[in-house]
Amino acid sequence: MASSSTSSSHSKPPSAGYSARSSRAVSPASELGPPPRRSTSPTSSTGTCSTTTSPPTSKSRWQKLISSLRKSKDSDSSSTVEAHRLKHSHNCSNAFLRAGISNMKGYKKANQDRCTAFSYLENDPDLSFFAVYDGHGGTGVANYLKDHLHEFVLDQVEYKEGNMEEAILKAFLQVDQDLRTYGTATELTGSTATVLLIKHGELFCANLGDSRATACVRGLVKPLTCDHNTSNAKERERVYAMGGTIKDNRVSGVLIPTRCFGDFLLKSEIEKPAWKQVISAVPQILSFKITSNWDFIVVGSDGVWDAMTNQEMISFVKTKLSAMCAGQTSRDKVVLSTLCEEILDLCCAKTVERYGKNSCDNMTIIIIWMDHSDHRSETGSSVVSSVVSR
1 MASSSTSSSH SKPPSAGYSA RSSRAVSPAS ELGPPPRRST SPTSSTGTCS TTTSPPTSKS
61 RWQKLISSLR KSKDSDSSST VEAHRLKHSH NCSNAFLRAG ISNMKGYKKA NQDRCTAFSY
121 LENDPDLSFF AVYDGHGGTG VANYLKDHLH EFVLDQVEYK EGNMEEAILK AFLQVDQDLR
181 TYGTATELTG STATVLLIKH GELFCANLGD SRATACVRGL VKPLTCDHNT SNAKERERVY
241 AMGGTIKDNR VSGVLIPTRC FGDFLLKSEI EKPAWKQVIS AVPQILSFKI TSNWDFIVVG
301 SDGVWDAMTN QEMISFVKTK LSAMCAGQTS RDKVVLSTLC EEILDLCCAK TVERYGKNSC
361 DNMTIIIIWM DHSDHRSETG SSVVSSVVSR
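Residue 275 in full-length UniProt numbering sits at position 275 of the sequence shown; the count goes up by one each step and never skips.
Source of the hints: derived by calculation from the structure; they are not laboratory data. Given the structure is predicted, the values throughout are model-derived calculations rather than measurements. Note that the Cβ used here is the ideal one computed from N, Cα and C, for glycine as well. Please note: incorrect hints may appear among the correct ones.
Claimed, not checked - Restraint ranges, calculated between C-beta atoms of paired labels, are given here: (1) Met324 - Ala95: 40 to 50 Å; (2) Tyr240 - Leu188: 13 to 23 Å; (3) Glu312 - Met242: 29 to 39 Å; (4) Ala95 - Gly243: 43 to 53 Å; (5) Ser268 - Asn232: 14 to 24 Å; (6) Lys109 - Ser252: 20 to 30 Å; (7) Lys160 - Asp371: 19 to 29 Å.
Stated by the list, open to error - Calculated lysine-lysine pairs in the DSSO-like style (CA-CA distance at most 30 Å, straight line): (8) Lys87 - Lys333; (9) Lys333 - Lys199; (10) Lys320 - Lys199; (11) Lys320 - Lys108; (12) Lys234 - Lys272; (13) Lys320 - Lys170; (14) Lys234 - Lys350; (15) Lys289 - Lys320; (16) Lys318 - Lys350; (17) Lys160 - Lys289; (18) Lys276 - Lys234; (19) Lys289 - Lys199; (20) Lys320 - Lys333; (21) Lys320 - Lys357; (22) Lys272 - Lys170; (23) Lys160 - Lys108; (24) Lys318 - Lys357; (25) Lys109 - Lys350; (26) Lys247 - Lys350; (27) Lys318 - Lys199; (28) Lys87 - Lys357; (29) Lys276 - Lys247.
Given these sequences and hints, build the entire structure.
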């Protein structure tokens, strides 16, 4: 890491000063303009990613959840003859960053990855929101997160008061409780979440599970998350401490991720709070000040990181961005989604070479490229000069 940052595992509830760390959800927008008018941030489901369209009909919380769970039936019926490298890609930008997003099914029967990416939101134009959700056991939970997690964050009183970490934490726990209360067939359906919120030069990164975010700072690798899975010694200890078992490198012989939304069969002791469940919905949340030393951030589902290490990814993106910029007079001419697609093809090829054709997982990647040009100061957005971690 270019600078130190800390994350901690908590055992106290929010009312007792509990502050878990996690990452933010985003929906990739294909349009560069602001989203249409809506009470919160407008999204409509178009497969794996949320895109800005006309406002949907107002629905109650349980109606939204039922709608998301029903979508999973259509999403899970993907044809096995569908081209394994068919991609859904988008670009979005604002005055301070450019982002490219791409998703690919791979050789799996169904694409259970979801993502969101907003360069800014109507209710808070200063906020950028990006997220990758890696669903399992169906797409219902990941669909719901894609469409609504950002709304839950912005609706928190703590968000309006500027307490971002508490707002993220409460949103995560509220969403998981809603999935338990209103959801159907979520006993073994769930999703990881890696979420990034960027506002006034500060980054808040929230994480559940083994999707991952890493940054290039001063040309070096800076991990923004840790993997919550059975390969993580601290997570294994936590699972055992909560009374869980690990068999064949899976919690209860079922799940590799140790933290995620849903999967209520493994959160069966309802009387216990979230931080005492075997499978936890308590995110890791880290915050950082984004300085002129920050070059770009890469967020991806585990299918990407199974093929490339953090160092390999950062080195590859650095080299490619340098080549793409050569001879260009403006960054605006660099299409990041093209680079995202190239990385997905590379990751798929690496995975097939190592483990065989059927091993190529669903893959989603977001590249967020920071713009430190002079027009920053003209927009009035703050530029910070030091890295802060909490």
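Hint by hint, here is what the structure shows:
Between Met324 and Ala95 the C-beta distance comes to about 21 Å, which lies outside the given range of 40 to 50 Å. Under the hint 13 to 23 Å, the C-beta atoms of Tyr240 and Leu188, about 21 Å apart, fit the expected range. A hinted range of 29 to 39 Å for the beta carbons of Glu312 and Met242 is consistent with their spacing of about 34 Å. For Ala95 paired with Gly243, a C-beta distance near 50 Å keeps the hint of 43 to 53 Å intact.
As the Cβ distance of Ser268 to Asn232 is approximately 23 Å, the hint placing it in 14 to 24 Å holds. Between Lys109 and Ser252, the C-beta spacing of about 24 Å keeps the proposed range 20 to 30 Å intact. At about 28 Å, the beta-carbon gap between Lys160 and Asp371 stays in the expected band of 19 to 29 Å. The hinted pair formed by Lys87 and Lys333 meets the criterion: a straight-line CA distance of about 21 Å does not exceed 30 Å.
Note on Lys333 and Lys199: the hinted pairing holds, with a Cα-Cα distance of about 25 Å set against a maximum of 30 Å. For the hint pairing Lys320 with Lys199, the CA-to-CA distance comes to about 27 Å; that is within 30 Å, so the pair holds. Simply put, Lys320 and Lys108 have alpha-carbon atoms about 28 Å apart, close enough for the 30 Å limit, and the pair holds. As the CA atoms of Lys234 and Lys272 are separated by approximately 21 Å, the hinted pair is consistent with the 30 Å bound.
For the given pair, Lys320 sits about 39 Å from Lys170 by alpha-carbon distance, which is inconsistent with the 30 Å threshold. In summary, the hint linking Lys234 to Lys350 is supported, as the alpha carbons are separated by about 29 Å, within the 30 Å threshold. Distance restraint check for Lys289 and Lys320: the Cα-Cα separation of roughly 26 Å lies within the 30 Å cut-off, and the hinted pair is therefore satisfied. For the given pair, Lys318 sits about 19 Å from Lys350 by alpha-carbon distance, which is consistent with the 30 Å threshold.
In summary, the hint linking Lys160 to Lys289 is supported, as the alpha carbons are separated by about 20 Å, within the 30 Å threshold. With a C-alpha separation of about 15 Å, the suggested pair Lys276 and Lys234 falls inside the 30 Å cut-off, and the hint holds. Distance hint between Lys289 and Lys199 is fulfilled; the C-alpha atoms sit about 10 Å from each other, no more than 30 Å. Straight-line distance between C-alpha atoms of Lys320 and Lys333 comes to about 14 Å, which keeps the hinted pair within the 30 Å bound.
With a C-alpha separation of about 27 Å, the suggested pairing of Lys320 with Lys357 holds against the 30 Å cut-off. Under the criterion of a C-alpha separation no larger than 30 Å, the hint pairing Lys272 with Lys170 is consistent with the structure, at around 16 Å. Taking the CA atoms of Lys160 and Lys108, the gap is near 41 Å; set against the 30 Å cutoff, the hint is violated. With a CA separation close to 29 Å, the supplied pair Lys318 and Lys357 stays within the 30 Å bound.
Restraint check for Lys109 and Lys350: the C-alpha separation of about 19 Å stays at or below 30 Å, so the hint holds. In summary, the hint linking Lys247 to Lys350 is supported, as the alpha carbons are separated by about 28 Å, within the 30 Å threshold. For a cut-off of 30 Å, the pair hint linking Lys318 to Lys199 stands: about 24 Å separates their Cα positions. Distance restraint check for Lys87 and Lys357: the Cα-Cα separation of roughly 18 Å lies within the 30 Å cut-off, and the hinted pair is therefore satisfied.
With a C-alpha separation of about 20 Å, the suggested pair Lys276 and Lys247 falls inside the 30 Å cut-off, and the hint holds.
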